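Engineer: Sequence:
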Amino acid sequence: MEKKIGLYICKGCGIGEVINTEKIVNIAKNALRVPVVAEHDVLCSKEGIKLIKQDIAEQGVNSIVIAGCSPRVKTYEFTFPGCFVERVPLRELAVWAIEDDAEKQLAAEDYIKMGVIKAQKGDIPEPYIIEIAKSILVVGGGISGMTAAIEAARAGYDVVLVEKEAELGGFARKLYKRVPTDDFTKGVLGDVNLEPLINEVTSNPKIKVYTSSKIERIDGQPGDFDVTILKGDSTETIKIGAIIQATGWKPYDAKKLAKKYGYGKFKDVVTNFEFEEIAKNNNGVIKRPSDHRVVKSVLFVQCAGQRDPEHIPYCSGMCCATTLKQARYVTDGNPDAIAMVIYKDIRTPGKLEYYYKEAQNTPGVMLAKGEVTGIREEWDKLIVTVEDSLIGEKAEIEAEMVVLATGMVPTTKEPQDYLIGLAEAAAKGDEAKAKYIETTKKPEFILNLGYRQGPELPFLEGGFGFVDSNFICFQYETRRTGIYAVGPVRQPMNMAESQEDARGAVLKAIQCIEHVAKGMAVHPRAWDTSYPEPNLSKCTACKRCTEECPFGAIDEDEKGIPFYKPNRCRRCGTCMGACPERIVSFKDYSVDMIGSMLKNVSVPSEDERPRIIVLCCENDAFPAIETAAFHRLKLDPALRFIQLRCLGSMNLVWIADALSRGVDGMLLLGCKFGENYQCHFAKGSELAKYRLGKVQETLDRLQLESDRVQMYEVAIDEYWRIPDIVNEFMEKIRQIGPNPFKGF
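Just so you know, we're using UniProt numbering here: the sequence shown kicks off at 1 and counts up by one.
Any given hint might turn out to be false.
As the list claims (entries may be wrong) - Listed below are the simulated PhoX-like cross-link pairs for lysine-lysine, each with C-alpha atoms no more than 20 Å apart in a straight line:
| id | residue 1 | residue 2 |
| --- | --- | --- |
| 1 | Lys267 | Lys255 |
| 2 | Lys508 | Lys518 |
| 3 | Lys508 | Lys206 |
| 4 | Lys256 | Lys413 |
| 5 | Lys287 | Lys174 |
| 6 | Lys518 | Lys134 |
| 7 | Lys413 | Lys394 |
| 8 | Lys256 | Lys267 |
| 9 | Lys394 | Lys381 |
| 10 | Lys538 | Lys587 |
| 11 | Lys208 | Lys239 |
| 12 | Lys267 | Lys441 |
| 13 | Lys413 | Lys442 |
| 14 | Lys164 | Lys442 |
| 15 | Lys4 | Lys53 |
| 16 | Lys214 | Lys239 |
| 17 | Lys29 | Lys121 |
| 18 | Lys3 | Lys53 |
| 19 | Lys265 | Lys208 |
| 20 | Lys543 | Lys565 |
| 21 | Lys113 | Lys599 |
| 22 | Lys164 | Lys250 |
| 23 | Lys565 | Lys587 |
| 24 | Lys250 | Lys214 |
| 25 | Lys287 | Lys177 |
| 26 | Lys742 | Lys732 |
| 27 | Lys256 | Lys113 |
| 28 | Lys732 | Lys121 |
| 29 | Lys208 | Lys231 |
| 30 | Lys260 | Lys381 |
| 31 | Lys565 | Lys634 |
| 32 | Lys508 | Lys239 |
Claimed, not checked - Computed Cβ-Cβ distance ranges for the label pairs, DEER-style:
| id | residue 1 | residue 2 | range |
| --- | --- | --- | --- |
| 33 | Arg452 | Leu702 | 49 to 59 Å |
| 34 | Ile238 | Gly190 | 33 to 43 Å |
| 35 | Arg452 | Lys381 | 35 to 45 Å |
Since the hints were derived computationally from the structure, they do not count as laboratory data. These numbers come from a predicted model, not from an experiment. For every residue, glycine included, the Cβ atom is placed at its ideal position computed from N, Cα and C.
Produce the complete structure using the sequences and hints provided.
Structural biologist: Here is the structure:
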């Protein structure tokens, strides 16, 4: 279809009062050769929308540039199916952000010029649509997994549930009682009552259950996963649309606590999980392991190895409530018995606080803040040394049993640790890698993904084995599109929290299936129908795109040539930024498009008027800039902002293009990265920082000061920092002086 551009300039929100729109109309018609140009007092009004629709119908306009307010508002009004639409925020970036009227006009002209170029270079994306499976795989048959399966089935989706054990139920099957979930004040312990949940799963015609089974391999992409299930000696491969990992947790290895707490040395020192088993086997009566005598005194040690950098640095979240429950086992099973709880802190958030208060008033239950420093055995008793943290005195307490609250470790930790060690060995060479494989016991992998970037879900460094599920931006979403983490593989949580978690993950899985059915990105660009279209005839097989893609969307053939699985792609453009040959592009976003916009920014030849290009991500930095403008925080008129999908899509050629054009400096504004990253695309800002280190070396060799290009991290709510960041950078540029290429 022949492209016909229409430029529509809104004069509302004070734009028409300070911007000479008539001059812009002339520039658009004559210099930019835009065939249809119109202005309107309130473009988002019914009359304004009618004007645009009339031009679409009568003049064949199919590429629309709207110069007015932020692209983050009025999205419904300015949606025109079948048309390429570009929004130019004159209000925020020119009218509100700049003080001087003459500079506002220059900025408006630049931004409209860039908007028109974008429309000229861009095309309407065509959705990538394939035949998909509208079914959900749930890996793990515990509380989280069964809840996820039921909720998905209730929503009308077919479910395949795979559990490695012979029975459903997970860790909950080992419990004697559960912490109350409704009537906290009476302290009545709830029955685990798994059977109704299990029966609902096994009797639901939309849920197919595989017990004593494992995932042998997962290939493909969202909507079209090929999942091979191993049961006994036979395998079965099925099509799946989305995947939920709910494989739960394991108790921390208490043998590592032997030195301090005597576990393994003294028979009557047990973990809280072993104590649960004792209660269940004896119908609530607590008998100590050494002689099976009904106990009269039990001491509970909270945070045994937890919140401890040598063992588990985190809080497991469920131990305090579990201990209060188990203290009731002691007193309910023997009214004459005493349960003593030594804690660093008691953590019972939400309604569980009522349960904690009830425990404080329970006869026979004693709670004291302190630190257990040692345990020894004398005759048939255990002597526990406690340092009272309130009064600073040591005490020795006699007990018949000691229970250690050892905490939870995700099932993903062992595979992660093995893969980390393997990567470190591989970095040392083939011989070291071979030795590691020979001498290190390989754990049981869970998902066995057929991805170039590894067989399991990615994790954060320092994440303690939990799956990286984008906590700040998008809960449940892992770095493998269409695969969601739920329950204690995602973070420590109790049973009630796990069930709530499962419901949220199911909604994400349903969103995934419905979006890929329409050829749209799953998240975070949940409206985007574009996808990368590389010109592979020019590919040099450098592997940068496959290595840098945060989501494993790119694999390689036997010759090392990349090939895309578009439904894995989140449309961040990281591959576009990584490619040195600049052969990766989207229909509506390309290296050529942004490069052309950069080259057409006006560059004043006067030394006292520098020009700065700001490349900013659309998710944090650009909204922060617009919010600064909304609060009427003034920015230097030398700035021109260009919004990127993600800073990870930044191609180094843009910097070379801008600086060779005479631009005095380039400022990169991206999301915060690191352990608590805020990047919607996980690694975009981090990759931009990595690339920036390379370009600065190049600039030094070219005798252009490396300080001309700087990067800052900014959160979406840190709009107040924007003027300070800009002013700091502008001062650096003034000290450096004008770009020597200016005027050439």
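Engineer: So, for every hint listed, does it hold in this structure?
Structural biologist: Each hint tested on the structure:
no.	hint	in the structure
1	Lys267 / Lys255	13 Å, holds
2	Lys508 / Lys518	16 Å, holds
3	Lys508 / Lys206	19 Å, holds
4	Lys256 / Lys413	16 Å, holds
5	Lys287 / Lys174	17 Å, holds
6	Lys518 / Lys134	12 Å, holds
7	Lys413 / Lys394	37 Å, violated
8	Lys256 / Lys267	16 Å, holds
9	Lys394 / Lys381	19 Å, holds
10	Lys538 / Lys587	18 Å, holds
11	Lys208 / Lys239	13 Å, holds
12	Lys267 / Lys441	29 Å, violated
13	Lys413 / Lys442	12 Å, holds
14	Lys164 / Lys442	18 Å, holds
15	Lys4 / Lys53	14 Å, holds
16	Lys214 / Lys239	16 Å, holds
17	Lys29 / Lys121	18 Å, holds
18	Lys3 / Lys53	16 Å, holds
19	Lys265 / Lys208	45 Å, violated
20	Lys543 / Lys565	16 Å, holds
21	Lys113 / Lys599	11 Å, holds
22	Lys164 / Lys250	14 Å, holds
23	Lys565 / Lys587	17 Å, holds
24	Lys250 / Lys214	17 Å, holds
25	Lys287 / Lys177	17 Å, holds
26	Lys742 / Lys732	18 Å, holds
27	Lys256 / Lys113	66 Å, violated
28	Lys732 / Lys121	34 Å, violated
29	Lys208 / Lys231	14 Å, holds
30	Lys260 / Lys381	17 Å, holds
31	Lys565 / Lys634	44 Å, violated
32	Lys508 / Lys239	19 Å, holds
33	Arg452 / Leu702: 49 to 59 Å	35 Å, violated
34	Ile238 / Gly190: 33 to 43 Å	37 Å, holds
35	Arg452 / Lys381: 35 to 45 Å	59 Å, violated
In terms of the numbered hints stated before, the structure departs from hints 7, 12, 19, 27, 28, 31, 33, 35, listed from lowest to highest.
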